[in-house]
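Visitor: Single-letter residue listing:
Number of protein chains: 2
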Amino acid sequence: MRILLRAAYDGTAYHGWQAQPGVSTIEGEINKALSSVFEQDIQVTGGSRTDAGVHALCNVAVFDVDTRMEAGKIAYAVNTKLPEDIRIRSSRLVPPDFHPRKRESVKTYEYRIYRADFPMPVRRLYTFYTHRKIDVAAMGAASAYLEGTHDFKSFCSPHTQAETTVRTIHLLDVREEGPELVLIVSGNGFLYNMVRIIAGTLLDVGYGKYNAERVRDILDGLDRELAGPTLPACGLTLTGYRFVDFPAL
Amino acid sequence: MRILLRAAYDGTAYHGWQAQPGVSTIEGEINKALSSVFEQDIQVTGGSRTDAGVHALCNVAVFDVDTRMEAGKIAYAVNTKLPEDIRIRSSRLVPPDFHPRKRESVKTYEYRIYRADFPMPVRRLYTFYTHRKIDVAAMGAASAYLEGTHDFKSFCSPHTQAETTVRTIHLLDVREEGPELVLIVSGNGFLYNMVRIIAGTLLDVGYGKYNAERVRDILDGLDRELAGPTLPACGLTLTGYRFVDFPAL
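Here the protein sequences line up with chains A and B, keeping their order.
In case it helps, the working numbering puts the first sequence at residues 1 to 249.
In case it helps, the working numbering puts the second sequence at residues 1 to 249.
The following block holds chain A by itself, in its conformation from the complex:
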């Protein structure tokens, strides 16, 4: 039977999602915990391969197991074996051919920027800090150019292994929550570093380095060199992961 897990984690202490020999990863910890619960070698297949330092409220993963344990109870059993910076939020039975990366999905990320004269210690692990003045309205105007279906080659690390750099952004919103600026981006998939490069480019607009319309030219240029910097991983959190044509998690 195939089980779908929904996982939340604080990425601070990990070398990202993907299991790698010799380093601590989210996937590696989940594999270890599941293998311990079921007393057999278990390896999950993850949904989003988040980078080192990136957080998640709801990444997904599937694995196969033969067990008499009720599917919904697996989350509780696995949590007893996981470090407290990783938590399985739910577990459920899915069809045996259910593959998270091969199914149509909508993922939502937040990128958080903390604006103040000095960085705030309790937010240092979850935001990117800047003391510079930001034109939020200009960032909002720039974000409109990125919504929709585009070739996001300019907003993708050259190290991508993706077959195509075309993606659809359903929503790109810029909101203010007190001292924090929150970029909310929702789409059918994201290229390597895409959200962090979008955040860096919009922030350049916010700093007044170039105007909002320039973002359209960056998009059209299909060249990573045109876009802004890749902002640090700690500001990024995967906040939503929904499968199209599959009941809500």
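Simulated from the structure, these hints should not be mistaken for lab results.
Just so it is clear, the structure is predicted and the values come from calculations on it, not from any experiment.
A few of these clues could be false.
Unchecked claim - Pair by pair, the computed Cβ-Cβ distance ranges are:
#	chain 1	residue 1	chain 2	residue 2	range
1	B	LYS73	A	ASP135	24 to 32 angstroms
2	B	TYR207	A	LYS73	23 to 31 angstroms
3	A	GLU104	B	VAL136	34 to 42 angstroms
4	A	LEU93	B	THR149	52 to 60 angstroms
5	B	GLY72	A	ASP135	22 to 30 angstroms
6	A	TYR207	B	ARG175	28 to 36 angstroms
7	B	ALA13	A	SER24	15 to 23 angstroms
Said to hold, decoys possible - Pairs of lysine-lysine, BS3-like flavour, derived with a Cα cap of 30 angstroms:
#	chain 1	residue 1	chain 2	residue 2
8	A	LYS209	B	LYS73
9	A	LYS133	B	LYS81
10	A	LYS102	A	LYS73
11	B	LYS209	B	LYS133
12	B	LYS102	B	LYS81
13	B	LYS209	A	LYS73
What the hints assert, rightly or not - Just so you have them, the derived chain A footprint on chain B, three or more residues with Cβ under 8 angstroms:
#	segment
14	3-11
15	84-95
16	122-128
Idealized CB from N, CA, C, for every residue including glycine.
We have chain A; now place chain B onto it with these hints.
Guide: Using the frame of chain A, we list chain B on its own:
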């Protein structure tokens, strides 16, 4: 000249505010950083002696130094010597007899409770987690009995060294922010563990262990045994510190 500092910190890694030999404390780190900047032994006098694991957005401290450095620049100089989980937000000149604990002040604390089926890793260091159902309206009703000037002996650790257990709570509010329940409490001073015991007592009301009116009886009983548990330190943050009759920090 006497300098007033406003400090923010993540209390997770520290044995509280107060300097103690052999352990890492917020005050100890600030003393070390100031002594390094001014190349002489400097010891601050703090405002609120927060416990191990308690966070602050704006605790205060004063110290004396003879320097030609502009008072406002001291914050920047000290921050270069501090670990990143402690930050000085501002520095300013105050009268030579300015003593933070001897001046009338209004302190504000937040106690945060995270409610969900599973704890959220990115909030684990800043909230108290519970999976139990909470009657928020009942907590709000109970909080009203604690506002005003009362003898808070029931809400104080027996280990207090305070001369009197009478304090004034200006505001005690219960708010919901998504999955988090936030108790906001503002007053002229707080006894040892007072906010954490108030939070534990209100939460007992929220759990339905007793009704709101019972909080009045607990207050009148003047006995720590009557009140609820001392909730964990991590949920507590000092969010405001204002001196009456002194310009805003």
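Visitor: Look at each hint and say if it fits the structure.
Guide: Checked hints:
no.	hint	result
1	B:LYS73 to A:ASP135: 24 to 32 angstroms	holds, 28 angstroms
2	B:TYR207 to A:LYS73: 23 to 31 angstroms	holds, 24 angstroms
3	A:GLU104 to B:VAL136: 34 to 42 angstroms	holds, 38 angstroms
4	A:LEU93 to B:THR149: 52 to 60 angstroms	holds, 58 angstroms
5	B:GLY72 to A:ASP135: 22 to 30 angstroms	holds, 26 angstroms
6	A:TYR207 to B:ARG175: 28 to 36 angstroms	holds, 34 angstroms
7	B:ALA13 to A:SER24: 15 to 23 angstroms	holds, 19 angstroms
8	A:LYS209 to B:LYS73	holds, 28 angstroms
9	A:LYS133 to B:LYS81	holds, 25 angstroms
10	A:LYS102 to A:LYS73	holds, 26 angstroms
11	B:LYS209 to B:LYS133	holds, 12 angstroms
12	B:LYS102 to B:LYS81	holds, 29 angstroms
13	B:LYS209 to A:LYS73	holds, 28 angstroms
14	3-11	holds (count 3)
15	84-95	holds (count 7)
16	122-128	holds (count 3)
Violated hints are absent here; each numbered hint is respected by the structure.
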